[in-house]
Amino acid sequence: MKKILDLALFRMLVVVFFMLGLTGCSQQISQLGRDLRLALWGREGVSMTPQQVEQLPYASAYLKVGKAPRVFVVLAFVDNQQLKWVTEDKNVVVTRFGRLVKTQGLGEDIRQVTQLDTDPLSLGLLKPGTPKQWHTIVSWSQVLRGGYDQQSVFENKGPETLTILNIPRQTVRFDEQVTVPALGKHYTNQYWLDPTSGQVIQSYQYMGPNMALVQFTVLKPYNQ
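Residues 1 to 224 in the working numbering are what the sequence shown lists, from first letter to last.
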């Protein structure tokens, strides 16, 4: 496991960057506490600037779970192609090639997702030979009956423009139609991919049938 982030150091760096950005105006200084709170984690629904994101030496993203406010998360660990993102409260969201594969502290947490090596997201959805169907078993921490079989079909919905950090981004959108046969449930996940790299820039993924929607937007990607 490769450790990326030290939370105490991260907080200190944010303070330094914001202090350097101040001009000494008393009104600006009086806003420092609120600005830092929003910049660190966004309890009120964070909005970062491109400069703030660039200055911080960590991969970062926006995270919104259900009806909760959007927060700012940073990459803490990389383990076997799984990226572990953390919040101020040390809640954890784990992604692998853009797929949500594990959560901690979000309620009905995802405990495990199987068959990740054959996940079309892992193989590269923009590659011509990548299958557009997938089978997996997902288990959750509060569901004691074990995992549930899920069947997915991906569909290319064409180009779309996203605005991230006030900058237009050209993407290719894929919808993932998910069926859970044992429960008779269906839901749709959405992924927006960079047309050049194939990386997932943004995703809307349900934690499971009748569970919270997780919106994840990459601000600064992790580069190995």
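Worth flagging that the hints you see were computed from the coordinates, not collected in a lab. Hints may be right or wrong, so weigh each one.
[As the list claims (entries may be wrong)] Between beta-carbon pairs, the in silico distance windows are:
#1 Q190 - T114: 19 to 29 angstroms
#2 Q115 - N210: 20 to 30 angstroms
#3 Q142 - D194: 28 to 38 angstroms
[What the hints assert, rightly or not] In silico DSS-like pairs for lysine-lysine, Cα to Cα no more than 30 angstroms straight-line:
#4 K90 - K220
#5 K84 - K67
#6 K127 - K157
#7 K67 - K127
Beta carbons: idealized from backbone N, C-alpha and C, even for Gly.
Each hint tested on the structure:
1. Q190 - T114: 19 to 29 angstroms: holds (22 angstroms)
2. Q115 - N210: 20 to 30 angstroms: Hint holds: Cβ distance 23 angstroms, inside 20 to 30 angstroms.
3. Q142 - D194: 28 to 38 angstroms: holds (35 angstroms)
4. K90 - K220: holds (20 angstroms)
5. K84 - K67: holds (22 angstroms)
6. K127 - K157: holds (15 angstroms)
7. K67 - K127: Roughly 35 angstroms separates the two Cα atoms, so the pair is violated.
Hint 7 from the earlier list is the only one contradicted by this structure; the remaining hints agree with it.
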